[in-house]
Amino acid sequence: MGKLLAVTIIIIAIASAVPFILHTWEPPADISTHGGLIDEQMSDTMIEAGVSFLAAQILLGIFIWQFSKKPSDTGKVKTFPGGAKGLVIAAIVLVGVEVLALGAFGSKAWAAVYFTPPAPDAMPVQVQAGQFAFYFRYPGPDGKFGPIHPEMINEGNQNLFGLDPANDVESRDDIVTAEMAIPVNKEVHLLMHAKDVSHSFYVPALRIHQDFVPGLDLSVHFTATKVGQYEIVCSQLCGLGHYNMRAYLKVLSQQDFDDWLKKQQAAQ
Amino acid sequence: MATTLPPPKIEILPVPDRSGNGHVGGGQNLIPDVANLRVAQQYSPPASSSAIWVGIAAICMSFAAFTSALIVRQASNDWRHITLPSVLFLSTLLLLASSVTLEVARRRVASYMLGADSNIASPRLWLYLTLGLGLLFVAGQYMAWLQLRSQGLYLATNPNSSFFYVFTALHALHVLGGLAGLLRAIRKLGNATLRRSTLNATAIYWHFMGVLWIYLFLLLWLKI
Amino acid sequence: MTLKHICLAAAATLAVVTMTAAGPGSGTISGKITYEGTPAKQKPIDMSKEPSCAAKHPTPITTETVVTGPGNTLENVVVYISAGAPDEAAPSTTADFDQKGCQYVPHMLAFQVGQELKIANDDQTSHNIHPLAKINREWNKSQPPGTPPIIDKYDKAEMIHVKCNIHPWMSGTFAVLKNSHYAVSDKDGNFKLPNLPPGKYTVTAWHEPDQEMTQDVVISGGENKTVSFVFKLKPY
Amino acid sequence: MHETSAAPAVVHGPPTTFLSKHVFSLDHKVIGLQYYTLALFAVVVGMVLSWLMRIHLGWTNAAIPGLQALSPNGAPGGVMTPEYYLQLMTMHATIMVFFVLTTAPFAAFGNYFLPIQVGAEDMPFPHFNMMSFWTTFTAFLILVTAFFVPDGPPLAGWTSYAPLSAIGKDAGPGQGTGQVIWAAALGVFCIGQLLGSLNFISTVLDMRTKGMTLSRLPVTCWAWFITSCMGLTAFAVLMPATILLILDHVAGTSFFVPSGLVLNDQLVPHSGGSTLLWQHLFWFFGHPEVYIAIIPGMGIVTHVLITNMRRPMLSMKAILYSMWALAFLSYMVYGHHMFVSGMNPFSSLVFSFPTLMITIPSTVVVLIWIGSLYGSKLRINTASLFALGFISMFVSGGVSGFFLAQPSIDIMLHATYFVVGHFHMVMGVAAMFGIFSGTYFWFPKMTGHMMNETIGRIHFWLTFIGTYCIFMPFHYLGWAGNVRRYAAFTDDFLKPLIPVHQFITIAALFTGAVQLLFLYNLIHSRFRGPAAPANPWEGTSLEWIMPSPPPWNNFGGKDPVVYHDADQYGVKTASGADYIMQNSPEQALATSEGD
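Same order as they appear, the protein sequences are chains A, B, C and D. Just so we're aligned, residue 1 is where the first sequence starts under the numbering used here, counting upward by one. Just so we're aligned, residue 1001 is where the second sequence starts under the numbering used here, counting upward by one. Just so we're aligned, residue 2001 is where the third sequence starts under the numbering used here, counting upward by one. Just so we're aligned, residue 3001 is where the fourth sequence starts under the numbering used here, counting upward by one.
By construction, these hints were calculated from the structure, which means they are not laboratory data. Take the hints with a grain of salt, since some may be wrong.
Just some of the chain A residues that point at chain D, by a computed CB distance under 7 Å [claimed, not checked]:
no., residue
1, PHE63
2, PHE67
3, VAL88
4, TRP110
5, TYR114
6, THR116
7, SER198
8, HIS209
9, PRO214
10, SER235
Listing some non-contacts, in silico: residues in chain A with all C-beta distances to chain C over 10 Å [as the list claims (entries may be wrong)]:
no., residue
11, ASP39
12, ALA49
13, ILE58
14, THR177
15, GLU179
16, GLN255
17, PHE257
Note that this is a predicted model, so its numbers are computed, not measured. Even glycine gets a Cβ: it sits at the ideal position worked out from N, Cα and C.
All chains, full assembly: derive it from the sequences and hints.
Set out below in structure tokens:
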């Protein structure tokens, strides 16, 4: 029985690792300028974690195989060579160094996303998350976002940001859309606003993931490097429609983007 | 690595025979054959003396959490400072006084148990006195709420009043617990089953209530 | 029982019939709803969030807060007798409310207190129906595709705004009314309240979100009264 | 072998009536069994909920027979609505975390064996102990009533992030009454656990018998002691949070709800609250809670292993210190649940390092376990099988922590099935294996009957393989960016993953069904199992010196005297036995360790 357990553990361990080794399931290909560091970090961690996972499981298996008691066994119990000290030191030194290294390199990737200010010429886009859709706002020719009047928000007539063009001049040329389009290779400064509860702005392909915090407007900035259509999904439980809260991100050439923006403006 | 110490010395104390039909005393409910407090002191086994400190630790933790909430909430722009009802200063004094009377009571009980004093009435009196002051304190808190209400400050009026009601109400609840403890001590004193550890624990808790109140009072009083 | 009694009975019956049923001598109120001023611009709805619905609208639909017709006519105005007519028991017919292509059909649904309301989902996606009732009981239920229709009824008269949170642009109105004398203006703004026994009535026209106009009308015998309402609309 | 000492603190007489014996019992053993029964019932409920969820995730628009009868609104025509899925999810998590993973390994086994193992006749405050159980039971009842209120249970998940959890019914079905019930249930639960922890701690500090020095305490006692220290601090923080949440609901206060929120085109009448405040309070409790669930399991497994390896751990000290380190660190790392929650990005880094540090004590424990296997005389029985399975699961669940501890990687994996896989393995399944191991190990003592070994082993094999089939694929899904808490997968990049979900569903249904074997074994053995000897596994700790099941006053009114720690295995004795019981004055002739 012990031998069987040993074999099972080892087989399961290896089988579990196979899909990762074969890259059966992969995150969407990275289309951001900062994502490289993150992917690197992920694969490094995968190697370290994978090795320690297999090592531990296989060692466990081997010892179970070897020392599960046979009826005839009347020998003495033996102690692991080096006793506990060796193991403890190994754990502290090896794992300590390993995790410190991971932490250090990891913070580089993190800093690349969060500790760099957006470029001054970054294109501002506002995203508002609400149950259960994202809506986006472009400042229009005047480059200014009109103020949001929560009491005026009305989805029935699509006044999604609670704009008051009658009184706010800045609001008149604001462009509100249900899908997000950005020009390729141009930095975007995304201003995040939550209409009701917590949501999250998760674009796997962009390697961007940030929660919306009601009452606290955050912002992230990124640059997309590949033309195409990607999905923005909500990853923070926000209610019954959470699973269906998404928008499409269109990365367009500058030309196409300008056309798109004109088209949207006409529709306002 | 396997620690095998030499067997410790065992001294056998006089034990009431417990092999009988099973009604045994001790611990929480020791009724000595002779209803005599001194016997109770001698025979009742030591109860847990750390428990009270463990409980206090838990209470501290809770109010630490509340405090952090208060500090976070104070940062928001809708925080209004409210002037505390004047009655609170009075009730604070009452609570401090009750701690003093309880200490006196404790000494009286001790001297009674040691036989120095054969009169059980005076310790009981001092305990009742503490009880009365405690009740007055709770009444004072209630009056404080009435005062706030008359100023139109309700639980949801603004964050500051919310915290005031939450803090005072929860503290008052804990004080009521302390009062129950006092009553229990008085009862046990009555039928000669009071153990000093019980009284001590009650006293420690009661003093802690005072300290906790001062802390909360300052927290609400001072602008942080 | 004498002949006299029978005659009286017959007369009484006849009287009752003429009072209630659409017999001779019952009048009709009809008319046109128009507006003055500039109606709010109706914005196109981008359904890209829900591809299965977007596919059903080659040209994107617009919002329906103000639906106008040629000659400043106004659609989706509910016209009903707010006073003068007795409350009536609910009819056996159901009021049908469909969700087609992530849009409410009809946008404005008028029905009677106690009448059975039948909500169906023709889409390939889950909707949640959320009538924001204030007087009646508020509820909020999802309806996955292929599930049986939701059956409900309201026991108090109220204008109820209906929305779907999963598809925030979906917006409609339940007009729950006390009697059967109501109509919703068509795309030419026309409405017709037939079978009104003689009497003095208050006619109310209601347009979302909360615009209301009333007129008093007296019906004597089988006449046709024409009433028209003019709503003032603002661009914002 | 027994020796008497001073009279122990007799804390209550023998039970006289049925009520005082089985219902409102002061006896820690009965209370332990009550906790176990509650956990058993709760785990069945939680598992059925997970079945329904899994079926829905695999076949979203399939009608589940009978479900409509269970909830006409939640499943019209048997098809689960999105909100009902989330409501089941919330209840599954709450029931499992609080009423199974906290009650079974900690409250149930702890109540039963902690006083026995320290040589006490009972806990110092039996009335608190009884109240502790009945409060917990009440909390469970309160929680379950959420199923029967018009809008159903809350859908905000077991973390119940504000403001979704704080603004009432407008936020969605169940967010009104249901959410308040949820918060009330947790508040009450906290009271129960605080009373329990109070008893546990003072039992260890004050009720140890003669000779039971701290260094001689069995590892399980330490595990329960550490756990109760955490429980005392963690639940003391959760309770205030729930109180404030309830006030936001019923009293119109604004602790967690900020200004200017709009729901259904209407302004929410709150202002100034802080949404992150809830997350901080909750996770300050929530992360220690994870260790509250797992540390007793580690203790039980260590206890079971030394008994079945017939040798002490390489270093019990290393294990104990590691447990303390885990407990301590768990308070410094809670922020890693909030890396992308809008917390200051610097604090994310600050939190990430202690989080990574946690891998060190965890690794120490695992290495000590594995290293101690070397040269042991491992006895294979159901208990030890589950203990070994625990190690394997703990490793599998632990390594994924490498990823989640790093903010940069969290950008990709936060709120994905990778996280779900991680905590189900390390805290759910591992803790479960600890519970199973403890059950097979202590059942003879608790009931006086042996369990059926054959059924037990079949149960182990199917469960072991089954759980891996369920929870390993979760990691693959998360790696591919599969967001958690989705009622259906409609996104283009998620649709291809649905077959994986279907595989998981099948595995889950199978593994769940296997647990019926365990239930059968439990009930059948309880009545039909062969009589159990006092010390079936040749253990050394004090629970084995008393008859099975123990009498109401544990040691028959006499206190045992302790001469050794509980690690006296693999020794040479005059009697020829390879172990010395804690209460035996006998000394080992020569320890037979080393070659």
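Here is what the structure says about each hint:
| no. | hint | result |
| --- | --- | --- |
| 1 | PHE63 | holds (4 Å) |
| 2 | PHE67 | holds (5 Å) |
| 3 | VAL88 | holds (5 Å) |
| 4 | TRP110 | holds (4 Å) |
| 5 | TYR114 | holds (4 Å) |
| 6 | THR116 | violated (11 Å) |
| 7 | SER198 | holds (5 Å) |
| 8 | HIS209 | holds (5 Å) |
| 9 | PRO214 | holds (5 Å) |
| 10 | SER235 | holds (4 Å) |
| 11 | ASP39 | holds (29 Å) |
| 12 | ALA49 | holds (37 Å) |
| 13 | ILE58 | holds (47 Å) |
| 14 | THR177 | violated (7 Å) |
| 15 | GLU179 | violated (5 Å) |
| 16 | GLN255 | holds (21 Å) |
| 17 | PHE257 | holds (16 Å) |
In the structure shown, a violation is registered for the earlier hints numbered 6, 14, 15, in ascending order.
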